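Hey, can you work out the whole structure from these sequences and the hints?
2 protein chains.
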Amino acid sequence: MSSEQGSVAGPPQDEYRILHEADLRDYLAAVPAVAARLGGAAEAWSIGEVGDGNLNLVFIVKGADGGVAVKQALPYVRLVGESWPLPLSRSHYEYLALTHQARLVPGLVPAVLHHNEGLALVVMELIEPHIIMRKGLIAGALYPRFVGDIATFMARTLFFSSDLALTAAKKKEGIAAFAGNHALCKITEDLIFTDPYRVAEQNRWTQPWLDATAAAFREDLDLHAAISRLKLIFLNAPEALIHGDLHTGSIMVTEDSTVVIDPEFAFYGPMGFDIGAVIANLLMAYLASAGHETSSGARRVFEVWLLETIENVWTEFSHEFLELWRTEGHGDAYPLTLFPGPAGAARLEVERQAYMARLFGDTVGFSAAKIIRRILGLAHNADFELIEDPRQRAICEARSLRLARAMMLEPSAFPTIGAVTMAARMVRDWLPDFAN
Amino acid sequence: MSSEQGSVAGPPQDEYRILHEADLRDYLAAVPAVAARLGGAAEAWSIGEVGDGNLNLVFIVKGADGGVAVKQALPYVRLVGESWPLPLSRSHYEYLALTHQARLVPGLVPAVLHHNEGLALVVMELIEPHIIMRKGLIAGALYPRFVGDIATFMARTLFFSSDLALTAAKKKEGIAAFAGNHALCKITEDLIFTDPYRVAEQNRWTQPWLDATAAAFREDLDLHAAISRLKLIFLNAPEALIHGDLHTGSIMVTEDSTVVIDPEFAFYGPMGFDIGAVIANLLMAYLASAGHETSSGARRVFEVWLLETIENVWTEFSHEFLELWRTEGHGDAYPLTLFPGPAGAARLEVERQAYMARLFGDTVGFSAAKIIRRILGLAHNADFELIEDPRQRAICEARSLRLARAMMLEPSAFPTIGAVTMAARMVRDWLPDFAN
Chain A
1 MSSEQGSVAG PPQDEYRILH EADLRDYLAA VPAVAARLGG AAEAWSIGEV GDGNLNLVFI
61 VKGADGGVAV KQALPYVRLV GESWPLPLSR SHYEYLALTH QARLVPGLVP AVLHHNEGLA
121 LVVMELIEPH IIMRKGLIAG ALYPRFVGDI ATFMARTLFF SSDLALTAAK KKEGIAAFAG
181 NHALCKITED LIFTDPYRVA EQNRWTQPWL DATAAAFRED LDLHAAISRL KLIFLNAPEA
241 LIHGDLHTGS IMVTEDSTVV IDPEFAFYGP MGFDIGAVIA NLLMAYLASA GHETSSGARR
301 VFEVWLLETI ENVWTEFSHE FLELWRTEGH GDAYPLTLFP GPAGAARLEV ERQAYMARLF
361 GDTVGFSAAK IIRRILGLAH NADFELIEDP RQRAICEARS LRLARAMMLE PSAFPTIGAV
421 TMAARMVRDW LPDFAN
Chain B
1 MSSEQGSVAG PPQDEYRILH EADLRDYLAA VPAVAARLGG AAEAWSIGEV GDGNLNLVFI
61 VKGADGGVAV KQALPYVRLV GESWPLPLSR SHYEYLALTH QARLVPGLVP AVLHHNEGLA
121 LVVMELIEPH IIMRKGLIAG ALYPRFVGDI ATFMARTLFF SSDLALTAAK KKEGIAAFAG
181 NHALCKITED LIFTDPYRVA EQNRWTQPWL DATAAAFRED LDLHAAISRL KLIFLNAPEA
241 LIHGDLHTGS IMVTEDSTVV IDPEFAFYGP MGFDIGAVIA NLLMAYLASA GHETSSGARR
301 VFEVWLLETI ENVWTEFSHE FLELWRTEGH GDAYPLTLFP GPAGAARLEV ERQAYMARLF
361 GDTVGFSAAK IIRRILGLAH NADFELIEDP RQRAICEARS LRLARAMMLE PSAFPTIGAV
421 TMAARMVRDW LPDFAN
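From first to last, the protein sequence lines are chains A and B. Residue numbers for the first sequence follow the numbering used here, so the first one is 1 and each next one is one higher. Residue numbers for the second sequence follow the numbering used here, so the first one is 1 and each next one is one higher.
The set of hints was computed from the structure by calculation and includes no laboratory data. Fair warning: this is a prediction, and the values are worked out from it, not measured in the lab. Hints should not be assumed to be uniformly reliable.
[Stated by the list, open to error] Covered stretches of chain A, going by a simulated chain B footprint (3 or more residues, C-beta under 8 Å):
| id | segment |
| --- | --- |
| 1 | 175-187 |
| 2 | 190-203 |
| 3 | 214-224 |
| 4 | 326-339 |
| 5 | 342-348 |
[To be verified] Residues from chain B shown here face chain A by an in silico Cβ test under 8 Å; the list is partial:
| id | residue |
| --- | --- |
| 6 | HIS224 |
| 7 | LEU232 |
| 8 | PHE339 |
[Said to hold, decoys possible] Calculated cross-link-like contacts (lysine-lysine; reagent style DSS-like; alpha-carbon spacing at most 25 Å):
| id | chain 1 | residue 1 | chain 2 | residue 2 |
| --- | --- | --- | --- | --- |
| 9 | A | LYS62 | A | LYS135 |
| 10 | B | LYS135 | B | LYS62 |
| 11 | B | LYS62 | A | LYS170 |
| 12 | B | LYS186 | A | LYS170 |
| 13 | A | LYS186 | B | LYS170 |
Think of the CB as a built atom: it goes at the ideal place given N, C-alpha and C, for glycine as much as any other residue.
Following this line, the structure appears as structure tokens:
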């Protein structure tokens with residue numbers, strides 16, 4: 001729909017060029033759906049570049065009647081520069097993922113107004129007055145809608161792209177449609193599943209306090225085997241169309257609303273990678289919280305809420321996913337004809353629980369991987385980075401690494417989400433050697 | 001190379017038509033690579049249709065200098081007729097798989113001389129004086145080359161299309177290239193992983209002796225859960241480019257040579273499906289052997305060889321696959337940089353053994369699935385079908401089902417291939433109730 005508008009209004013096969021402010025104004029003025037949303041004279045629109053991510057240009061454009069966000073991919077990693085090229089096609093995959101999500105969870109993702117594949121450009125509704133969730137969590141804010149919204153987002157986007165909902169033919173079509181997004185997958189493969197465990201130029205950590213831990217992680221062969229098993233799942237398990245980068249920096253919130261953005265890493269991969277990303281980032285928010293205290297215990301209410309939120313993310317996701325399976329499980333996996341009658345229904349329910357237990361195991365592993373990469377790898381989290389005292393930051397990070405290492409090496413010690421939050425509480429006040 | 005010859009010599013974008021004898025003669029005469037192979041005047045070539053498979057037309061063409069096999073896909077399942085349509089594209093996937101295999105195991109697959117995608121036609125070298133291995137096994141023949149050849153075929157075709165050998169980008173490209181072969185996958189999904197366990201019009205079994213067993217399999221919910229888990233792996237684990245139909249009817253043999261044919265079911269799926277197919281068909285040959293005895297014990301040497309062969313198929317496959325991993329494991333999975341030095345090498349070796357144990361578990365499950373479908377589903381095996389006395393046939397089939405059911409429900413009782421052959425020996429002389 002939006003793309004058809006685009007192909008009528010804007011030139012559909014534009015040759016790529018970076019759109020600077022004046023260009024962009026003219027371009028948007030020629031797209032009826034966008035011009036109508038903005039309203040008023042194009043000359044009066046305000047345009048500001050706000051991209052604070054690592055990869056793209058992002059413009060906020062406001063007119064008399066409303067605003068839009070314009071995201072244009074650059075042919076390289078913005079954070080690094082032209083020395084690290086990255087295909088423009090990621091914009092197309094982001095567009096495909098956004099439309100998939102918009103169909104399943106309208107209101108939980110920005111509506112797409114226009115897409116131009118040649119320009120690697122997506123124009124979306126402006127999400128306001130939301131802020132990036134990570135910023136809110138650093139400030140100690142509570143988001144009562146978040147659990148329900150993110151559980152619904154994950155349950156619906158994952159379930160409806162899985163073999164539980166789709167025919168095998170449709171699923172293979174989806175896998176093939178996203179197979180070309182391998183350059184973005186490669187970033188994940190390198191930065192999450194490989195580099196933090198070996199000497200890599202781009203790695204960094206809070207020195208000197210974490211030097212010994214970073215070295216221990218680089219030498220821990222059991223950990224290397226565990227992360228390699230997780231990498232193999234990432235390479236080899238197209239369970240569902242996953243967001244692929246579902247951290248709290250990809251989620252915009254108010255108290256009343258949750259909007260998930262930036263699915264340019266989307267591909268058919270393991271569901272646990274998305275769920276683990278959410279849980280990992282909440283665990284880091286929890287363990288970073290001590291670093292943002294103005295006085296001891298000042299953020300206790302926030303921290304209690306956060307632990308409950310972590311538990312409820314899994315519990316509510318699991319509840320919704322299972323309910324979808326029970327009511328809309330018409331895919332080729334687990335055909336209902338093999339489980340007839342009350343006895344069949346009961347046996348299938350046992351199987352569903354086993355499926356969720358396996359998925360939870362993946363989630364724990366991927367969650368651990370996401371924590372470790374944020375502390376020992378290239379891309380760090382503001383949750384920790386904004387802790388001013390580096391020694392205090394290192395203490396919070398060391399606690400997180402201690403938890404993550406246990407989660408990765410001893411998944412059977414974390415059979416439930418309660419076991420994860422219990423371990424997080426236990427490590428909350430642990431002091432690493434350098435702090436004694 | 002072959003396809004280029006085709007696109008020069010024959011019309012590359014022919015509209016599909018079924019080639020009858022006269023047509024075929026004219027067509028082949030216009031393909032230089034084929035005409036040269038056959039030799040002499042086209043009018044003197046002998047052409048015979050020999051397709052005894054379920055899906056396609058197969059012609060043997062012989063000339064003064066040599067012969068070729070011509071395989072043309074029909075737009076429906078030959079066995080059933082036009083009421084069961086099947087895409088012609090399978091010919092293209094067969095061609096892709098054949099060229100992949102020819103690159104990795106030349107000599108173990110027929111060389112492709114010509115391919116015409118529009119006509120759904122592949123012309124291959126004629127494999128002679130080989131016979132279909134299943135026929136040889138029914139006759140009690142021994143094939144000393146078989147183990148080494150099939151182990152090499154599987155080790156090389158599977159390893160070199162896996163994440164252990166490929167970059168993730170290359171692997172995703174391969175997955176996408178075969179995603180369109182879903183109609184052939186669907187046949188497997190239905191006929192192997194679903195129908196034998198429910199009432200389905202096409203199911204058949206040796207009546208009345210197996211009526212009770214067939215009913216028990218249709219009502220065994222634990223078995224339905226187990227086959228559904230295997231189906232999920234089939235749907236969801238693009239580990240490698242598998243042959244997809246690797247039974248003893250897809251293998252041509254002499255005492256000195258082994259050639260694998262008919263990879264039209266090829267796609268990126270679980271490796272255990274191919275290995276399980278080979279082992280299942282050898283187990284069936286073993287348990288059918290009693291039905292072909294002229295006197296008790298007359299085929300003992302053959303049966304001993306068959307059990308050794310089953311063991312060696314796994315052992316030699318595993319040995320070759322591991323050796324390839326050790327020497328050519330440059331793919332994105334298990335990167336060597338995470339396992340440096342002697343300690344790293346030792347840890348990775350432990351991980352390799354764990355990988356093979358998991359793969360063996362899949363193999364046992366898929367092997368069981370392949371046995372059950374041949375006795376309770378649509379497509380049966382000549383191994384059993386040619387046992388003239390139906391009661392004796394039912395006894396051999398009941399033994400096979402007993403073994404397969406245990407393998408599917410209690411995989412942990414089959415940790416090694418020796419446990420599988422031991423169970424096969426134990427069930428070799430078991431008598432079902434109806435035989436007492």
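Taking the hints in turn, this is what the structure says about them:
Under a criterion of three residues with beta carbons nearer than 8 Å to beta carbons of chain B, the stated coverage of the segment 175-187 of chain A is upheld, 8 such residues being counted. Requiring three or more residues with a Cβ within less than 8 Å of a Cβ of chain B, the coverage given for the segment 190-203 of chain A holds, as 3 such residues are present. For the segment 214-224 of chain A, the stated coverage by chain B is satisfied: 3 residues place a CB nearer than 8 Å to a CB of that chain, which reaches the threshold of 3. Here the segment 326-339 of chain A counts 7 residues with a CB under 8 Å from a CB of chain B, which clears the bar of 3, and the coverage holds.
Under the rule that three or more residues need a Cβ within less than 8 Å of chain B, the assignment of the segment 342-348 of chain A holds, with 4 such residues. With a least beta-carbon distance of about 4 Å to chain A, the hint placing HIS224 (chain B) at the interface is held under the 8 Å criterion. Annotation: LEU232 (chain B) was flagged as interfacial toward chain A, and the flag holds, the nearest CB pair being 5 Å apart, inside 8 Å. Because the smallest distance between the Cβ of PHE339 (chain B) and any Cβ of chain A comes to about 6 Å, under 8 Å, the interface hint for this residue holds.
Distance check on the hinted pair: LYS62 (chain A) and LYS135 (chain A) sit about 23 Å apart at the alpha-carbon level, within 25 Å; holds. Proposed proximity of LYS135 (chain B) and LYS62 (chain B) is supported: the alpha carbons are some 23 Å apart, at most 25 Å. For the suggested pair LYS62 (chain B) and LYS170 (chain A), the alpha carbons sit about 43 Å apart, so the restraint of at most 25 Å is broken. About 11 Å separates the Cα atoms of LYS186 (chain B) and LYS170 (chain A), which keeps this hinted pair within 25 Å; it holds.
For the proposed pair LYS186 (chain A) and LYS170 (chain B), the alpha carbon gap of about 11 Å is at most 25 Å, so the pair holds.
Hint 11 from the list above is the single one not met by this structure.
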